[in-house]
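Numbering (my numbering), first residue to last: 9 to 188.
Fair warning: there could be bad hints in the mix.
[Unchecked claim] In silico EDC-like cross-links for lysine to aspartate or glutamate, where the CA-CA straight-line distance does not exceed 16 Å:
#1 K101 to E133
#2 K99 to E133
#3 K62 to E122
#4 K75 to D42
#5 K36 to E150
#6 K62 to E43
Please keep in mind that the hints were generated in silico from the structure rather than gathered at the bench.
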Amino acid sequence: VSDGTLFFGGVSGFNYFKPPLQPYSYYKPEVYIDEILVNNNQYNASINANTIQKLSLDYNENNISIKALIKDLANANARQLIYRIKEIDSKWKHLPNGAAINFNNLAPNSYTLELGYYDKYLNKEVAQKILLISISAPFYREIWFWSLIAFLITAIVFWFYSRRKLAKQQQEFKQQLALE
Numbered sequence: 009v010s011d012g013t014l015f016f017g018g019v020s021g022f023n024y025f026k027p028p029l030q031p032y033s034y035y036k037p038e039v040y041i042d043e044i045l046v047n048n049n050q051y052n053a054s055i056n057a058n059t060i061q062k063l064s065l066d067y068n069e070n071n072i073s074i075k076a077l078i079k080d081l082a083n084a085n086a087r088q089l090i091y092r093i094k095e096i097d098s099k100w101k102h103l104p105n106g107a108a109i110n111f112n113n114l115a116p117n118s119y120t121l122e123l124g125y126y127d128k129y130l131n132k133e134v135a136q137k138i139l140l141i142s143i144s145a146p147f148y149r150e151i152w153f154w155s156l157i158a159f160l161i162t163a164i165v166f167w168f169y170s171r172r173k174l175a176k177q178q179q180e181f182k183q184q185l186a187l188e
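Please take these sequences and the hints and turn them into a complete structure.
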């Protein structure tokens, strides 16, 4: 039966038994980020990776690997690591405990990575940690860059126009001097 009840046939009919499905434990599982690699280099090696809440990266630092695990003294093997990026997919992805989460060629944007664990005894996902990932756009995709280019092109066109107008005025002045 779906509630975990076991039925056995015996000489005097059916017997049933319902074992406890959730182990007794005072310890709450915790998602722990062990290591964060950006382009195969450790991100901010001077800080414990588990305390990092935001990654601020350049446009070329878009290959990210996060090694996370679930600390659970009694039932670590019964837990699955889950994650999702809210901006990309709302469904949880399941990984074995201790597996690495890899993101390759993330587009410049801001992302919210949620980490948690799947509790098979309660049959639910438990979100526990949020990591903000911000990848900046390259300078040639920024509005200030294109504004500067437009200003420079306008200035060059205006300069050429002014030079031609000045040359034309000088030519007319020379012709007038010759006539006088």
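Cross-check of the supplied hints:
no., hint, in the structure
1, K101 to E133, "10 Å, holds"
2, K99 to E133, "11 Å, holds"
3, K62 to E122, "12 Å, holds"
4, K75 to D42, "6 Å, holds"
5, K36 to E150, "45 Å, violated"
6, K62 to E43, "14 Å, holds"
The earlier numbered hint that this structure contradicts is number 5, and it is the only one.
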